[in-house]
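Student: Got chain A sorted already, so can you dock chain B onto it with the hints?
There are 2 protein chains.
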Amino acid sequence: MEEVIRLVHGNGGRFSHELMEKHIMKHFRNALLEPLHDGAQFAVSAGRMAFTTDSYVVTPAFFPGGNIGKLAVCGTVNDLAMNGAVPKYLSCGFILEEGLSMETLEKVLTTMEVMADKAGVSIVTGDTKVVERGAVDGIYINTAGVGFIPDSVHIAPSRVEADMDIILSGSLGDHAVAVMGTRFGLTLPESIHTDCAPLNHMVGAVLAKEAENVALMRDPTRGGLATVLQEIADSAQVGILIKEETLPVHEDVASVCSMLGYDPLYLANEGKVVFFVRREATAAVLDILHTFDEGKEAVCIGHTLAKNQGRVGLETVVGGIRLLDMLGEDQVPRIC
Amino acid sequence: MEEVIRLVHGNGGRFSHELMEKHIMKHFRNALLEPLHDGAQFAVSAGRMAFTTDSYVVTPAFFPGGNIGKLAVCGTVNDLAMNGAVPKYLSCGFILEEGLSMETLEKVLTTMEVMADKAGVSIVTGDTKVVERGAVDGIYINTAGVGFIPDSVHIAPSRVEADMDIILSGSLGDHAVAVMGTRFGLTLPESIHTDCAPLNHMVGAVLAKEAENVALMRDPTRGGLATVLQEIADSAQVGILIKEETLPVHEDVASVCSMLGYDPLYLANEGKVVFFVRREATAAVLDILHTFDEGKEAVCIGHTLAKNQGRVGLETVVGGIRLLDMLGEDQVPRIC
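Same order as they appear, the protein sequences are chains A and B.
If you're matching positions, the first sequence starts at 1 in the numbering used here and goes up one per residue.
If you're matching positions, the second sequence starts at 337 in the numbering used here and goes up one per residue.
Keep in mind that the hints are not guaranteed to be accurate.
Claimed, not checked - Far from chain B by the CB rule (all over 12 Å, computed), these chain A residues: (1) F62; (2) A135; (3) D252; (4) L260; (5) V299; (6) N308; (7) R311.
Claimed, not checked - Derived DSBU-like pairs (lysine-lysine); straight-line CA-CA distance at most 35 Å: (8) K88/A x K579/B; (9) K296/A x K118/A; (10) K454/B x K643/B; (11) K26/A x K118/A; (12) K362/B x K454/B; (13) K88/A x K107/A; (14) K209/A x K243/A; (15) K88/A x K22/A; (16) K107/A x K243/A; (17) K88/A x K632/B; (18) K643/B x K88/A; (19) K358/B x K243/A; (20) K579/B x K307/A; (21) K243/A x K296/A; (22) K579/B x K545/B; (23) K454/B x K545/B; (24) K632/B x K307/A; (25) K579/B x K22/A; (26) K358/B x K88/A; (27) K107/A x K118/A; (28) K643/B x K26/A; (29) K22/A x K545/B; (30) K362/B x K443/B; (31) K632/B x K443/B; (32) K107/A x K26/A.
The hints are simulated quantities; they were obtained by calculation from the structure and are not laboratory data.
Just so it is clear, CB atoms sit at the ideal spot from N, CA and C, and this is done for glycine as well.
Only chain A is shown next, with the shape it has when bound in the complex (with noise of 0.2 Å):
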């Protein structure tokens, strides 16, 4: 008989150790997990520290490419990174419907371990809750981060400033369309996969070289490029211009958006990233990224502003000036 998870699994007693031993801690065993108490303890020296959380409800659970255990890792993993962080340690949350095969809880933990590894994360303490059937989509799964600012680091909106220029590591909308080609039950063409990726070591190997002259970064997830870069121009109070012509988007992924009626400005990405940089920089930073699988393309997409502050303009192919505004009503739920 397939084996499922049952609502036992979640009564903190006998069946939650049995899921712990048996499942859990076959992938993420550590020596921080190991005492399995409340938590997990570590020691720290004197400096600056990254804390972030993300909740992952993606449908579906596996897409072309990946699961919601790769976002789940990556997403954390990528928001300390943005901080500028080496990302040290994960809290895992589960969230378990009734019913869920052991399967495919194996291998979303499958998933988890080999991403942690490849990022260099531990996952170091966390929690199961199990729910009826229907109070919950299959599986949920909260990630929080920890991780270390190097002294030398210092991102940060109120760090960027006018004529800096904004480099993208790669294409847009290759998750979202993913995802959401899966949902629809399209044929994909084999091109199309999430991008989903630990950004943590090519962004490590950027800052080792140029963080005086990283201002900021932020990974265009949910609301895409667009909504990322009108939080910046607010926050930072400065206008932005892009390039239409310079935004790299993948011919199928045009194809599919083309036909869903999307727009990859406002689709969501898993393993990309937006740096503010100083323009003396900017060929440097390039050079590193291209080095790198995840950023090989990577490109300078515009610059910032001292005028029209709080303001992102895109010069279209065209030649004309298109405003943009954050994503308002929804193109894509449930994409993370």
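Tutor: Relative to chain A, chain B alone:
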């Protein structure tokens, strides 16, 4: 028209910002949360930290004496306190159901604000996802937390030895009975309400005086006192003997338990702590606990043994010994 949560409140765009600005920031505003970046940044001193997480899926979300927001703050604060840490920063991830009334969310947020103030912690980073009607049950909350462990404090199962006293800070079963009674639509006596409370100040007062004599602390939440004692007997490799006659159970709680067939030893508490202390410190620890509302019924319930490693015995009122074990099949799902 009643204002409700819509899917667009979770899309990361304009409506997400509005929800954040108009509703969430109002309650949680602080200097670290303010930048609304991908996480919070803060300074740390050299030392040890604790890191923990829990997801909350309690149903119903409101019950006598509290709601899911109270649990979400106190639960994570208490897990940090059980590590001997001074809780400092919390993250908060909401998963909201489309159609949830804004009034309900406001009530939960208000409670979280009050509890965070009471515990002396700040909610510094967060995330909100919205899922379609039916894909979640109203509101789920994940909190993770970090805290700093004073140098004098060393809390670990490995420090538990034979002949230590076991102190319980108060009565058993109040939380579970308050939630389950509400779920079943019982008319509960006024005396029954959740014991959910932040325990960090009380625990901190004990550790300030008696850190060297406190080997381990645990809050008997899911699985109840019996499960927690069994876990400790296993991990510390000691025997445990507790006396039934010492166990505080409020009369009305005991009545509901006997009606519903619950054993208070296996019911979740949300404002209780079990201390394993050196015997010479027992009186002093009890004296400190008795000065707190949350500890005024604290009592020594038993002690550890060199023999019977991994076993927990209950000396019953009639004189026999009943062997306890972890909670097996569930009595009460979705209690926190």
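Student: Confirm or reject each hint.
Tutor: Do the hints match the structure? See the list:
{"no.": "1", "hint": "F62", "in the structure": "holds, 17 Å"}
{"no.": "2", "hint": "A135", "in the structure": "violated, 4 Å"}
{"no.": "3", "hint": "D252", "in the structure": "holds, 24 Å"}
{"no.": "4", "hint": "L260", "in the structure": "holds, 16 Å"}
{"no.": "5", "hint": "V299", "in the structure": "holds, 22 Å"}
{"no.": "6", "hint": "N308", "in the structure": "holds, 19 Å"}
{"no.": "7", "hint": "R311", "in the structure": "holds, 15 Å"}
{"no.": "8", "hint": "K88/A x K579/B", "in the structure": "violated, 44 Å"}
{"no.": "9", "hint": "K296/A x K118/A", "in the structure": "holds, 18 Å"}
{"no.": "10", "hint": "K454/B x K643/B", "in the structure": "violated, 42 Å"}
{"no.": "11", "hint": "K26/A x K118/A", "in the structure": "holds, 17 Å"}
{"no.": "12", "hint": "K362/B x K454/B", "in the structure": "holds, 17 Å"}
{"no.": "13", "hint": "K88/A x K107/A", "in the structure": "holds, 23 Å"}
{"no.": "14", "hint": "K209/A x K243/A", "in the structure": "holds, 27 Å"}
{"no.": "15", "hint": "K88/A x K22/A", "in the structure": "holds, 25 Å"}
{"no.": "16", "hint": "K107/A x K243/A", "in the structure": "violated, 41 Å"}
{"no.": "17", "hint": "K88/A x K632/B", "in the structure": "violated, 40 Å"}
{"no.": "18", "hint": "K643/B x K88/A", "in the structure": "violated, 40 Å"}
{"no.": "19", "hint": "K358/B x K243/A", "in the structure": "holds, 33 Å"}
{"no.": "20", "hint": "K579/B x K307/A", "in the structure": "violated, 75 Å"}
{"no.": "21", "hint": "K243/A x K296/A", "in the structure": "holds, 19 Å"}
{"no.": "22", "hint": "K579/B x K545/B", "in the structure": "holds, 27 Å"}
{"no.": "23", "hint": "K454/B x K545/B", "in the structure": "holds, 22 Å"}
{"no.": "24", "hint": "K632/B x K307/A", "in the structure": "violated, 63 Å"}
{"no.": "25", "hint": "K579/B x K22/A", "in the structure": "holds, 33 Å"}
{"no.": "26", "hint": "K358/B x K88/A", "in the structure": "holds, 33 Å"}
{"no.": "27", "hint": "K107/A x K118/A", "in the structure": "holds, 17 Å"}
{"no.": "28", "hint": "K643/B x K26/A", "in the structure": "holds, 31 Å"}
{"no.": "29", "hint": "K22/A x K545/B", "in the structure": "violated, 40 Å"}
{"no.": "30", "hint": "K362/B x K443/B", "in the structure": "holds, 12 Å"}
{"no.": "31", "hint": "K632/B x K443/B", "in the structure": "holds, 29 Å"}
{"no.": "32", "hint": "K107/A x K26/A", "in the structure": "holds, 12 Å"}
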